[in-house]
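A.B. asks: Could you put the whole structure together from the sequences, leaning on the hints where they help?
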Amino acid sequence: MEHDLRALDRLQLNVTRRLDGLLHGDYLGLLPGPGTEAGEAREYRAGDDVRRMDWPVTARTTVPHVRTTIADRELETWLAVDLSPSLDFGTVGMLKRELAEGAVAAFAYLAGRGGNRIGAVVTEGGPAKAIPPRPGRGGARSLLRTVTTLPRGEGAGDLAELIDKTRRHARRRGLAIVISDFLEDEDDPSDWPRELRRLAVRQQVLCVEILDPAELALPDVGVLDLMDPETGATVEVQTGNARFRARYAEAAAEQRRRIAAGIRSGGASHLRLSTGSDWLRDIAAFIAQRRHLAAYR
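Sequential numbering of the sequence shown, starting at 1, is according to this note's numbering.
Simulated from the structure, these hints should not be mistaken for laboratory data.
This structure is a prediction, so every number in the text was calculated from the model and none was measured.
One or more of the hints may lead you astray.
To be verified - Ranges of calculated distance between the beta carbons of each label pair, as one might list FRET restraints:
#1 L22 - R171: 29 to 39 Å
#2 E236 - G267: 37 to 47 Å
#3 Q255 - P219: 45 to 55 Å
#4 E250 - D278: 45 to 55 Å
#5 A249 - R10: 34 to 44 Å
#6 A242 - D185: 23 to 33 Å
#7 P151 - P56: 23 to 33 Å
#8 Q255 - R197: 33 to 43 Å
#9 A130 - R173: 14 to 24 Å
#10 A242 - D278: 43 to 53 Å
Backbone N, C-alpha and C fix where the C-beta goes; we use that ideal spot for every residue, glycine too.
C.D. replies: This is the structure in structure tokens:
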């Protein structure tokens with residue numbers, strides 16, 4: 001489904017209003033890490049944030065000191081966006097694809113408001129396509145339009161290839177955000193955790209996992225005809241069988257554990273977004289938590 005410009009404008013406006021309302025304070029980088037570098041230590045002054053106390057210097061000089069921070073506003077953010085056919089699924093008012101596109105809008109906006117350059121590598125099923133980075137909010141707007149209007153590919157996307165291509169384009173240090181459902185053919189899996197590790201050598205990496213509640217637990221709604229959007233294969237399932245639903249939930253939980261383990265082994269942060277939740281609030285809560293933790297480092 002192609003987006004018209006009005007739909008994209010509504011999405012961007014919603015993202016801008018909600019995130020500006022949920023996130024407070026000056027821009028100090030999208031996430032703690034390369035966007036906020038340690039500065040010099042100086043003597044404590046009334047009103048300074050005590051969470052910035054530099055205890056080693058304070059102990060050495062016996063005079064309270066705080067550590068300043070320097071906002072690095074010339075970083076590049078790269079989005080690795082998986083829009084392969086497995087995201088054409090949704091049971092609670094929106095498709096996973098629409099949620100992934102919303103995540104693109106949110107993170108592009110957050111990066112762009114600091115003046116950083118934003119680029120993307122996208123797969124719609126088939127070979128990944130690169131979108132050169134552009135600065136600021138104008139770059140974020142242009143990127144969203146390009147991502148959401150790319151022609152559909154055929155077949156499953158290759159997540160490892162998507163991450164590898166992102167690494168090859170992200171030559172400058174900065175932030176890389178991988179947006180995917182991380183679902184792959186269990187008979188022919190790719191080694192995407194290895195590619196994550198390679199990407200994380202020079203980039204701070206965040207993996208945004210997209211899911212739908214029905215992928216975690218099946219509702220009791222009788223007979224369902226399910227189709228694999230990447231292969232077209234169909235199967236009929238009887239959701240009224242409690243034992244079947246329990247086995248499904250157990251297998252789904254194990255699948256999510258494997259995904260989480262792969263992300264951890266790749267040295268990346270992990271944010272899970274669901275079509276059944278307030279995903280913008282979840283993004284804001286994640287960023288606020290990371291900033292809070294960074295304040296105590």
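A.B. asks: A separate judgement is required for each hint: does it hold in the structure or not?
C.D. replies: Hint-by-hint comparison with the structure:
1. L22 - R171: 29 to 39 Å: Given about 33 Å between the Cβ atoms, the range holds.
2. E236 - G267: 37 to 47 Å: holds, 42 Å
3. Q255 - P219: 45 to 55 Å: violated, 18 Å
4. E250 - D278: 45 to 55 Å: violated, 28 Å
5. A249 - R10: 34 to 44 Å: Since the Cβ atoms of A249 and R10 sit about 36 Å apart, the hinted range of 34 to 44 Å holds.
6. A242 - D185: 23 to 33 Å: holds, 29 Å
7. P151 - P56: 23 to 33 Å: Since P151 and P56 have Cβ atoms about 56 Å apart, the given range 23 to 33 Å is violated.
8. Q255 - R197: 33 to 43 Å: violated, 21 Å
9. A130 - R173: 14 to 24 Å: holds, 18 Å
10. A242 - D278: 43 to 53 Å: violated, 30 Å
Figure legend: structure checked against the earlier numbered hints; hints not met, in rising order: 3, 4, 7, 8, 10.
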